[in-house]
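Visitor: Chain residues, written in single-letter form:
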Amino acid sequence: MLHAIELCAVAVCAISGVLEAGRKEIDLLGVIVIALVAALGGGTLRDLLLGAPVFWIANQTYLYAAVIAGIAAFFAARIVHLPLDLFVVPDAAGLALFAVLGTQKALTLGAPWLAASLMGVITGVFGGVLRDVLCNERPLIFTGELYATAAWAGSLLLVLLAYLGVDPSWTSLAAITFIFAVRVTALRWKIGLPRFSSKVK
Amino acid sequence: MLHAIELCAVAVCAISGVLEAGRKEIDLLGVIVIALVAALGGGTLRDLLLGAPVFWIANQTYLYAAVIAGIAAFFAARIVHLPLDLFVVPDAAGLALFAVLGTQKALTLGAPWLAASLMGVITGVFGGVLRDVLCNERPLIFTGELYATAAWAGSLLLVLLAYLGVDPSWTSLAAITFIFAVRVTALRWKIGLPRFSSKVK
Amino acid sequence: MLHAIELCAVAVCAISGVLEAGRKEIDLLGVIVIALVAALGGGTLRDLLLGAPVFWIANQTYLYAAVIAGIAAFFAARIVHLPLDLFVVPDAAGLALFAVLGTQKALTLGAPWLAASLMGVITGVFGGVLRDVLCNERPLIFTGELYATAAWAGSLLLVLLAYLGVDPSWTSLAAITFIFAVRVTALRWKIGLPRFSSKVK
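Protein chains in written order, with the numbering used here: chain C, 1 to 201; chain A, 1 to 201; chain B, 1 to 201.
Just so you know, not all the hints are guaranteed correct.
Pairs involving identical chains hold if they fit within one copy or between any two copies, as the list cannot separate such chains.
Unchecked claim - Okay, derived cross-link-like pairs now, SDA-like style, lysine to any residue, Cα gap no bigger than 25 Å in a straight line:
#1 Lys24 to Ala186
#2 Lys105 to Leu63
#3 Lys24 to Leu130
#4 Lys24 to Ile191
#5 Lys190 to Val80
#6 Lys24 to Gly165
#7 Lys24 to Glu145
#8 Lys105 to Leu160
#9 Lys24 to Ile5
#10 Lys24 to Leu193
#11 Lys190 to Val54
#12 Lys190 to Ala4
#13 Lys190 to Pro168
#14 Lys190 to Arg78
#15 Lys190 to Phe75
Just so you know, the hints here were simulated from the structure itself, not pulled from any lab data.
Excised from the complex, chain C in its bound form:
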């Protein structure tokens, strides 16, 4: 069940990569590369930092999901109009799930609390950052509604509940719901952190 949701999240992130790449003139393989990077980038960096085997080399089902979703989205986008908004809700679900899975993996491997919560953030958002850098755009996480913030708050909530000894299933469910709800609420009412109205010249 969890594995199935995880594969969906990988596929959704791959599609987000295709949609972003679609605003540039990029060929089919470039699109697949960006789909893979968007879908697998966060978990890959997490595994490298934790010194764990990279998850999509150990089990390449994730690769299948990302490649198939990316190719399907590529051809779908040539036929019908795919509004970016369509993917906002599953993308929020992917963010929530990846962040929670990342934090749990880090805790399991013995990372301390603040580092573990950052692993959650990295797993949730790094794929999108790489996608934006490859497409030569300013990373979305730095400009819009609560995104990395939601992932971080939820990861810290997970760490706190785990520390208090709450049952892992409830902890995960609470943190996933929290991140998803914060992200969707922030999108709906355009809530963001205070911007840097800088005095730096």
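Place chains A and B on chain C using the hints.
Guide: Structure of chains A and B alone, referenced to chain C:
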């Protein structure tokens, strides 16, 4: 013999970095950095993902080759006009060789077939991607003639032949020739994958 | 004592990230991310390349230092004018210290001399490169006064003195002083390496 070709490929990729950097105003050390990144970036990412010791730390002959080739190209480019076209053929050879070496290393270390073929693509093209990102240009692999595609097709060919039990030497030779031929043919007749003529707004 | 200086260097690099981010419109969490990346990026890449446990996961005091310094600088920059020049001297100290620590760690883990000196350069400058790429600017190390050059020369000096059997404390002190002095001198008299006045079209 193989080691000698590999060192040549490292040197050629280092020179490609210097030529790219030469279109910007970058100083000598920046040029060496970009040469190193272009020459060693692909193999480094492969080794990190596979959990293997990084090849140029284990054997720094590769460092010597990249640094010497980079410095030589830097000074040569101040004296004579170096056309970018000059390096297209050895660059195609480097792509072919790196992709095949990367796929073989991944298979040897037990990676599954699709992941192993992607290791070949990464080894072949990632140095160039990093070079372009550092020079703040859109990565070439996303825009031009068959490049990563050639590397991926050849890596998949290698995986297939290895699966069929063909002798490793013949397998390598076939895959290297295939990638080189596809790349040169694509350059000569400007063959590319279909572009993304997007319906995404 | 060394640990205290190292924490100061982390904090100073975090502040440099905040100041750079402040020239863009970035929110509070984006600022913290850039502060973390600027402060920890170099040492993280060093540890990944060397196959060592990542230092800020093993000991998250570094995380505390970077987060606290980043948040403090964010709010300080909203209240008072923070000139970028203010941080040039501690930044030079951070560069010197990180480069020496990186080289020493690489030598301790058995890296050969040229690779070890590059680990020093990477530890000293990679955080700043990542910071610039995330902010979508051309990396500073490629354009200005001696920076990576100073770090590399000092790292090579350290390798040489260690090879000659000089006492480690004196070796470190000499290399730190050397890098700091070269950097500050280069800034004061605007000394840089020869630029690439390219014949490449």
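Visitor: Decide, hint by hint, whether the structure agrees.
Guide: Hints, verified against the model:
{"no.": "1", "hint": "Lys24 to Ala186", "verdict": "between (28 Å within a copy, 22 Å between copies)"}
{"no.": "2", "hint": "Lys105 to Leu63", "verdict": "both (20 Å within a copy, 19 Å between copies)"}
{"no.": "3", "hint": "Lys24 to Leu130", "verdict": "both (16 Å within a copy, 19 Å between copies)"}
{"no.": "4", "hint": "Lys24 to Ile191", "verdict": "between (29 Å within a copy, 19 Å between copies)"}
{"no.": "5", "hint": "Lys190 to Val80", "verdict": "neither (28 Å within a copy, 29 Å between copies)"}
{"no.": "6", "hint": "Lys24 to Gly165", "verdict": "neither (48 Å within a copy, 42 Å between copies)"}
{"no.": "7", "hint": "Lys24 to Glu145", "verdict": "both (24 Å within a copy, 16 Å between copies)"}
{"no.": "8", "hint": "Lys105 to Leu160", "verdict": "within (15 Å within a copy, 34 Å between copies)"}
{"no.": "9", "hint": "Lys24 to Ile5", "verdict": "neither (30 Å within a copy, 37 Å between copies)"}
{"no.": "10", "hint": "Lys24 to Leu193", "verdict": "between (29 Å within a copy, 15 Å between copies)"}
{"no.": "11", "hint": "Lys190 to Val54", "verdict": "neither (36 Å within a copy, 37 Å between copies)"}
{"no.": "12", "hint": "Lys190 to Ala4", "verdict": "neither (31 Å within a copy, 42 Å between copies)"}
{"no.": "13", "hint": "Lys190 to Pro168", "verdict": "neither (32 Å within a copy, 56 Å between copies)"}
{"no.": "14", "hint": "Lys190 to Arg78", "verdict": "between (31 Å within a copy, 23 Å between copies)"}
{"no.": "15", "hint": "Lys190 to Phe75", "verdict": "between (32 Å within a copy, 23 Å between copies)"}
Hint compliance for this structure: hints 5, 6, 9, 11, 12 and 13 are not met, and every other hint is.
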